[in-house]
Amino acid sequence: MSAPASTTSSSASGLQAGYIQPRRRGMTMRRREMIDCYIFILPAVLGLLIFYLGPMIASLYFSMTDYDMLSPATWVGLENYRTLMHDAIFWKSLRVTVTYSVFSVPLVLGLALFLALLLNQKFRGVTAYRTIFYLPTVMSGVAVATLWKWIFNPDFGILNLLLEKIGIHGPAWLADETWALPALILTSLWTAGGSMLIFLAGLQSIPNDLYEAAELDGAGIWNRFRNITLPLLSHVTFFNLVLGIIGALQVFTEAFVLTRGGPNNSTMLLSVYLYQNAFQYLKMGYASAIAWAMFLIVMVLTLAVFRSAPMWVHYQETQGNAK
Amino acid sequence: MSAPIRPTVRRASRRQTQSLAKIVSIAILTIGAIIIMVPFFWMISTALKQQRNVYLYPPQWIPNPIAWENFRRVWEVVPFLQFTKNTAFIVILVMIGTLFSCSFSAYGFARLRAPGRDIIFLAILATMMLPGAVTLVPTYIGFSKLGWTNSFLPLIVPAWFGSPFYIFMLRQFYLSIPAELEESGRVDGASNFRIWWDLMLPLTKPALATVAVFTFFATYNDFFGPLIYLNDRSKQTIAVGLSYFTGSNTVGPQMHLLMAMTLMATIPSLIVFIFAQRYFVQSIVTTGLKG
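Heads up: the protein sequence lines correspond to chains V and S, in order. For the first sequence, position 180 matches number 180 in our numbering, and the numbering has no gaps at all. So the mapping is simple: our numbering equals the position in the second sequence, first residue as 1, plus 1000.
Derived from the structure by calculation, the hints contain no laboratory data. All clues given are correct.
Some chain S residues well away from chain V (every beta-carbon gap over 10 Å; in silico):
1) A1067
2) E1076
3) P1178
4) D1188
Incomplete in silico selection of chain S near chain V, CB under 7 Å:
5) K1022
6) Y1107
7) T1127
8) T1139
9) P1158
Ideal placement from N, C-alpha and C gives every residue a C-beta, glycine not left out.
Let's have the full structure, built from the sequences with the hints guiding it.
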C-alpha cells in the first residue's frame, strides 16, 4: 500500500520532486483513507445486507410460496396475493389500519404542535412542564398498555368512573366493537411528546426578530402563527408527518396487549393480522404477502406526502431572509 | 402633545396581553399535566390497595390501608428477578453494540471518502422507511435455521451491525465538528482509528449519551422481539413477562398485583429518564431536524 511513494524521485530534479512527492503521498493517503472508510462503514454495510436487503429479497420470494417452517417451501406464484384480494379479514384490517392512522396521526401532530407552542415561552418551570409532557413517550410499551387496560375497564376503570361524575354512562370501551378502535386511537395521544419535542426544537430555530417585526406591523397572535410560525415550521411538520404515518401504520404492542385484534376484528391492525398468520398459523408465505401489502401502503402514502411537499413545505434559504 | 405617550401605552398593553397569554398557557399546561398524571396516580393507587379495596364503588382514591406487601407478593407469584436479569443482560449488550457499531460506521460516513460511500449511505437512510414487517419473516426464519430462537442472540446480534437512525444522527454530529481538530491529529501521525477513538468519541459524548438513552428505551420497551424469539418463561424480559400475567387467570384478575408489577416495570425507565432528560432537547435541536 505504501510502496509507490519511494520509487519516484530518481528521474525528477529536486524542485520537481518537491512538487511530486506530496502528490504521491497524497495518493497513498487517499488509498489509505479509502480502505479505512470501507473498514469503518463495514458494520453498517453488513447490517444493510444481512438485516435489510437480504431479508427484503427473501421476503418477496417467500410471499410467492407456501411455507410453514416444517416442510420445505413450495412455489405458488401469485396465489397468496390472489387469496389476499378475497380475504375479508385482510380488507377489514386494512380499513382498521387506515382509520387508525387517519385519526391518530393528525390528532397526535395537532396536540404535539399545540403543546410545543405553549412550551416555547419563557416562564418559571417551563423545563419541568417539558419533562412532564415528554415523560409518557418513554413510558410506552407493555407496562402502559397494561395500565390502559385497567383505565378502560368498563366497571372499575378510572375513565368510566370520571365520566360517571359528569353524568355520562361510559361504553365498555375495549369490549365494545364500536369503541375499541377509538380507545386505541386515544392511547396513541399518550406519546405525542416525541413529536412535541421535535416541534419545540423547530420553534426555537425561528428567529425572534421576525415576530418582533410582525408585531410592530400590528400582526396579532393568530396572524403571526399563520404567516410566520406555520410556514417556517413546515419542514418540521413534514418530518413529523412522515415519521407519524410510518409509525402509525406499524403500531403493534398497544393493539396486541389491549385487544389482540378483537372484539370481532374491530381492532385488527395489519401488524396484528400479520403476527397471527406468521406466528400462530405459521403461514409464513401468506404473512410475507401481507408484509408487502403493508410496504406498498407505506410507500404510496409516504410518496404522496413527499409529492405534496412543494405545495406546503417552505425551506428557509438563509435565516432571517425568509420573510 | 399626546403623540409621545401613545407608544408607551401600546407597549404597556402589549405587555399586559403577553402576560395574560402566559397565564392562560400555564393554566392549560397545568391541566394537561394533571391529565397525564392521573393514569400514573391511578396505577400507584391500585398498586397499593388490598384486593378487597380494588373493586369498590365509589372508588377509593387514596389506598387505606396501604398494602406495601403487594410488592413482595409480586416477587412470589412472578419470577420478576429473572425477568429483570434477562432484560438487563439484553439491554446492556444491545447498548454497547449500538454505540460501538453506529459511531464507528458514522465516522466513516462523515469523514472518510471512498467510492460508493454516499450511495451506501443513501441506501441505509432508505431502510428507515422500510416497515419492519417486510424483513420480519425471513429474519425469523434465518435465526431459527441458525438455532438461535429461544436465545438472546436474535435480540442482541443485530444491534452490533448499526442502526440507520443512529448512524444518521451521529454522522450529523461528526459533520458539525471542525475538521482542523482531526488534521492536527493526523499531522501527529495518528491513524483514523485512533482519531475516532481518542478524539471523536470524547467530543461527541452528549450525542453518544442520547443514542444510549434512546437505545435503552427502545430495547427496554421492546415487546415484539422477545415475544417471537423467546419461548421459555425463564428467558422472558420484563415487557413480555408482564403481558403473560395481564391475560393469565392467576394474576390477571388481581389488579392490585398487576399494577404493582407495572409500577415496578416503569421504574427503570423513570430513573433513566430523570438522569438523562436534559440531553433530549439539546440533541434533537442539533441533529433531529437536519434531515
